[in-house]
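Engineer: Here's the letter readout for the chains.
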Amino acid sequence: MNRTVLITLLGFCCLAAALLSITFGTAPLSLQRIFEALIGSDDPVARIILFDLRMPRALLGLSVGAMLGLAGAALQGYLRNPLAEPSVVGVSNSAALGAVIALYFGLAELHAAVLPVMAIIGAIFALMMLFALAGKSESPLTLILAGIAISTLAGAGISLTLNLSPNPFAAMEIATWLLGSLEDRSFNHVLIALPCIAVGLALLLWNGRALDALTLGEDGAKALGIDLGLMRIRLMLGVAIGVGGAVAVSGSVGFVGLIVPHIIRPLTDRSPSAILLPSALGGAILLTLADILVRVIPTSNELKLGVVTAFLGVPVFLVHLMRERRIW
Amino acid sequence: MVAIAIESLHISLGKQAVLRGIDAHLEGGMLIGIIGPNGAGKSTLARAILGLQKATKGRVTIDEADVAALPHAQIARLISYLPQGQTLHWPLVVERLVALGRIPHLAPFSQISDADRIAIDRAMTLADVSTLRDRTATELSGGERARVLLARALAVEAPVLIADEPLASLDPGHQLEVMDLLKDQAAGGVTVIAVLHDLTLAARFCDRLILLDKGQVAADGDTAKVLNAENLARVYGIRAWLGAVEGSPAVVPLFRNV
Chain A
1 MNRTVLITLL GFCCLAAALL SITFGTAPLS LQRIFEALIG SDDPVARIIL
51 FDLRMPRALL GLSVGAMLGL AGAALQGYLR NPLAEPSVVG VSNSAALGAV
101 IALYFGLAEL HAAVLPVMAI IGAIFALMML FALAGKSESP LTLILAGIAI
151 STLAGAGISL TLNLSPNPFA AMEIATWLLG SLEDRSFNHV LIALPCIAVG
201 LALLLWNGRA LDALTLGEDG AKALGIDLGL MRIRLMLGVA IGVGGAVAVS
251 GSVGFVGLIV PHIIRPLTDR SPSAILLPSA LGGAILLTLA DILVRVIPTS
301 NELKLGVVTA FLGVPVFLVH LMRERRIW
Chain B
1001 MVAIAIESLH ISLGKQAVLR GIDAHLEGGM LIGIIGPNGA GKSTLARAIL
1051 GLQKATKGRV TIDEADVAAL PHAQIARLIS YLPQGQTLHW PLVVERLVAL
1101 GRIPHLAPFS QISDADRIAI DRAMTLADVS TLRDRTATEL SGGERARVLL
1151 ARALAVEAPV LIADEPLASL DPGHQLEVMD LLKDQAAGGV TVIAVLHDLT
1201 LAARFCDRLI LLDKGQVAAD GDTAKVLNAE NLARVYGIRA WLGAVEGSPA
1251 VVPLFRNV
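Here the protein sequences line up with chains A and B, keeping their order.
When the letters of the first sequence are read in order and numbered with this note's numbering, they come out as residues 1 to 328.
When the letters of the second sequence are read in order and numbered with this note's numbering, they come out as residues 1001 to 1258.
Rather than coming from a laboratory, the hints here were simulated on the basis of the structure.
Certain hints may be false.
[What the hints assert, rightly or not] Below, a list of computed lysine to any residue pairs in the SDA-like style, where the Cα atoms sit at most 25 angstroms apart:
id: 1; chain 1: B; residue 1: Lys1054; chain 2: B; residue 2: Pro1091
id: 2; chain 1: B; residue 1: Lys1054; chain 2: A; residue 2: Val5
id: 3; chain 1: B; residue 1: Lys1054; chain 2: B; residue 2: Lys1214
id: 4; chain 1: B; residue 1: Lys1214; chain 2: B; residue 2: Ala1233
id: 5; chain 1: B; residue 1: Lys1057; chain 2: A; residue 2: Leu133
id: 6; chain 1: A; residue 1: Lys136; chain 2: B; residue 2: Ala1017
id: 7; chain 1: A; residue 1: Lys136; chain 2: B; residue 2: Gln1016
id: 8; chain 1: B; residue 1: Lys1183; chain 2: B; residue 2: Glu1157
id: 9; chain 1: B; residue 1: Lys1015; chain 2: B; residue 2: Ile1032
id: 10; chain 1: A; residue 1: Lys136; chain 2: A; residue 2: Arg234
id: 11; chain 1: B; residue 1: Lys1015; chain 2: A; residue 2: Leu133
id: 12; chain 1: B; residue 1: Lys1015; chain 2: A; residue 2: Leu141
id: 13; chain 1: B; residue 1: Lys1214; chain 2: B; residue 2: His1072
id: 14; chain 1: B; residue 1: Lys1183; chain 2: B; residue 2: Asp1121
id: 15; chain 1: A; residue 1: Lys136; chain 2: B; residue 2: Gly1058
id: 16; chain 1: B; residue 1: Lys1183; chain 2: B; residue 2: Gly1085
id: 17; chain 1: B; residue 1: Lys1057; chain 2: A; residue 2: Gly229
id: 18; chain 1: A; residue 1: Lys136; chain 2: B; residue 2: Val1018
id: 19; chain 1: B; residue 1: Lys1015; chain 2: A; residue 2: Gly135
id: 20; chain 1: B; residue 1: Lys1054; chain 2: A; residue 2: Leu230
id: 21; chain 1: B; residue 1: Lys1015; chain 2: B; residue 2: Thr1044
id: 22; chain 1: B; residue 1: Lys1015; chain 2: B; residue 2: Gln1074
id: 23; chain 1: B; residue 1: Lys1214; chain 2: B; residue 2: Leu1078
id: 24; chain 1: A; residue 1: Lys136; chain 2: B; residue 2: Asp1116
id: 25; chain 1: B; residue 1: Lys1054; chain 2: A; residue 2: Gly135
id: 26; chain 1: B; residue 1: Lys1225; chain 2: B; residue 2: Asp1198
id: 27; chain 1: A; residue 1: Lys136; chain 2: B; residue 2: Ile1032
id: 28; chain 1: A; residue 1: Lys136; chain 2: B; residue 2: Pro1071
id: 29; chain 1: A; residue 1: Lys136; chain 2: B; residue 2: Ala1069
id: 30; chain 1: B; residue 1: Lys1183; chain 2: B; residue 2: Glu1139
[Stated by the list, open to error] If you want the ones that stay clear, here's a sample from chain A, every Cβ over 12 angstroms from chain B, calculated:
id: 31; residue: Ala16
id: 32; residue: Arg47
id: 33; residue: Phe187
id: 34; residue: Leu211
[Said to hold, decoys possible] Derived Cβ-Cβ restraints for the label pairs, each shown as a range:
id: 35; chain 1: B; residue 1: Thr1136; chain 2: A; residue 2: Gly229; range: 29 to 39 angstroms
id: 36; chain 1: B; residue 1: Lys1015; chain 2: A; residue 2: Ile7; range: 32 to 42 angstroms
id: 37; chain 1: B; residue 1: Ala1229; chain 2: A; residue 2: Ala149; range: 26 to 36 angstroms
Cβ atoms here follow ideal geometry from the backbone N, Cα and C, with glycine treated the same way.
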């Protein structure tokens, strides 16, 4: 598919998903009431629902999804591994650990910003450990090994806090947060996440050409004039800041970074640079739609976003498995 | 034309000395073959000329500028490199793959220009892969893929071309075609450095051969001087038939010296 057509199409789908997202919810809100509230009518209920509940949720769905989708695409290109996603470099788990510590010690109750800030600190800490462990080596393998070590350590830390949690309620709160959600998020959350995500997106989109060159291997890319060391710094900073900011407000939402590039790749010329922007848009659409599903599937407790994305991930891999085995 | 000077170059990988004092001046407009047994240091020498492998001692200069001090991007415009082993991580379409060769010439965030497109077409025609333009590179045969990757290297249009085993996985017809192509590039003023294993093709096409043995230059000069019975026995440990077929030199390995 032509690149401009694909990006325009995905852009429209993003808009449509965002519009759907502000229409769906417990209280029905017609498109007409939304439009009137937007141009400043004095319908206080519609305005509160729209500006305090639906808009932040839709904005976070789009931006968190875009960040996770792009991070997956960039990491798959860099590590030349179609199974890479933000969690392989340890950032997601470390950000989650930061948040879990805030919940465990009751810090999260002091101020709404404490939890997301702790998550970002967790992500930055993971990044520093990653650079320290991987050293100056430019090999992706050392990075994966370091990432898995950090990810496992952070995972163990999360298990430890659950294990030692002072009461069942605290454990429940932590477990619930870990399932990921965009419920009851305010504009404050948007203000915390959006700058991080903007920086992350910019740093990752910068790497298109270098990722393409890596198709020829590390020597091939270097011989084309690519500075792999600089590229790695941009990439890791982008993933840590962006995904850290995203996880900080949404909790752990898995699989988006893994599946979106797989859905996008066949629609492009398959070069790593060609899937970057479309994966960001695709991630935005997928997460927003998943967040709508969370609201419309009738369950006694609201479904959690991470649960829905995990279920969505399975069919994508089954399709790939069947293609690999040439069954389909 | 670009002149490359290698000055008492030593390279150690870990504790092992791979290159132990290489000296050579490589002039433009020549097809220079680097030959030698496995592990002699041929690929390491190629990588050192590109600045991909740091010198432990000594240095490599391109037009008197130290490679270690030159920015990657500048080296990329001066030397085009065809690495060994046909590495290809994503299933790119052939034309897109060949276009990667234009990366050194692109300004940041710019798109491929018409001039780049002409260079890409020229490279594909030279390497005889124009008909494969829309095919997926990873689905090609080994020989087709080798030629596509050669086209990628030619698309850089650099004054120096280093090809590490460009004949691997090619049938005899395409081997001759690739050697002809490298020879033409050299005749056009490009310094072509090719790491080769086929001694007959090396003898027939190269203007100069550098025979490496255990990280040192065992012989350097025109093919008749380098490819003699004594050098082959000493470096490769073989006895070979050396002669000419229809006026072209030929080397046929016969026995391993015990």
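Engineer: Given the hint that A/Lys136 pairs with B/Gln1016, does the C-alpha gap stay at or below 25 angstroms?
Structural biologist: Between A/Lys136 and B/Gln1016 the Cα gap is close to 21 angstroms, so the pair holds against 25 angstroms.
Engineer: For the pair supplied as a hint, B/Lys1015 and A/Leu141, is the alpha-carbon distance within the 25 angstroms limit?
Structural biologist: Given that 25 angstroms is the threshold and the Cα spacing comes to 22 angstroms, the pair holds.
Engineer: Would you check the hint for B/Lys1214 and B/His1072, treating anything up to 25 angstroms between C-alpha atoms as holding?
Structural biologist: violated (29 angstroms)
Engineer: Can you confirm whether the C-alpha distance between A/Lys136 and B/Ile1032 stays at or below 25 angstroms?
Structural biologist: violated (35 angstroms)
Engineer: Need the status of pair B/Lys1015, B/Thr1044: alpha-carbon distance at most 25 angstroms?
Structural biologist: holds (15 angstroms)
Engineer: Please verify whether B/Lys1214 and B/Ala1233 have alpha carbons no more than 25 angstroms apart.
Structural biologist: holds (14 angstroms)
Engineer: Using the Cβ atoms, figure out if B/Ala1229 sits within 26 to 36 angstroms of A/Ala149.
Structural biologist: Violated, since B/Ala1229 and A/Ala149 (Cβ atoms, about 56 angstroms apart) do not stay within the stated range.
Engineer: Is the straight-line distance between the alpha-carbon of B/Lys1057 and that of A/Gly229 25 angstroms or less?
Structural biologist: Since the Cα atoms of B/Lys1057 and A/Gly229 sit roughly 23 angstroms apart, the hinted pair holds (cutoff 25 angstroms).
Engineer: Would you mind confirming whether the straight-line C-alpha gap from A/Lys136 to B/Pro1071 stays at or under 25 angstroms?
Structural biologist: holds (18 angstroms)
Engineer: Within 25 angstroms, alpha carbon to alpha carbon, are B/Lys1183 and B/Asp1121?
Structural biologist: The given pair, whose Cα atoms are some 20 angstroms apart, holds under the 25 angstroms limit.
Engineer: Under the criterion that the straight-line Cα-Cα distance not exceed 25 angstroms, is the pair A/Lys136, B/Ala1069 satisfied?
Structural biologist: holds (19 angstroms)
Engineer: Would you mind confirming whether the straight-line C-alpha gap from B/Lys1214 to B/Leu1078 stays at or under 25 angstroms?
Structural biologist: Status violated; Cα separation ~29 angstroms.
Hints 1, 2, 5, 9, 13, 22, 23, 24, 27, 30, 34, 36 and 37 from the earlier list are contradicted by this structure; the remaining hints agree with it.
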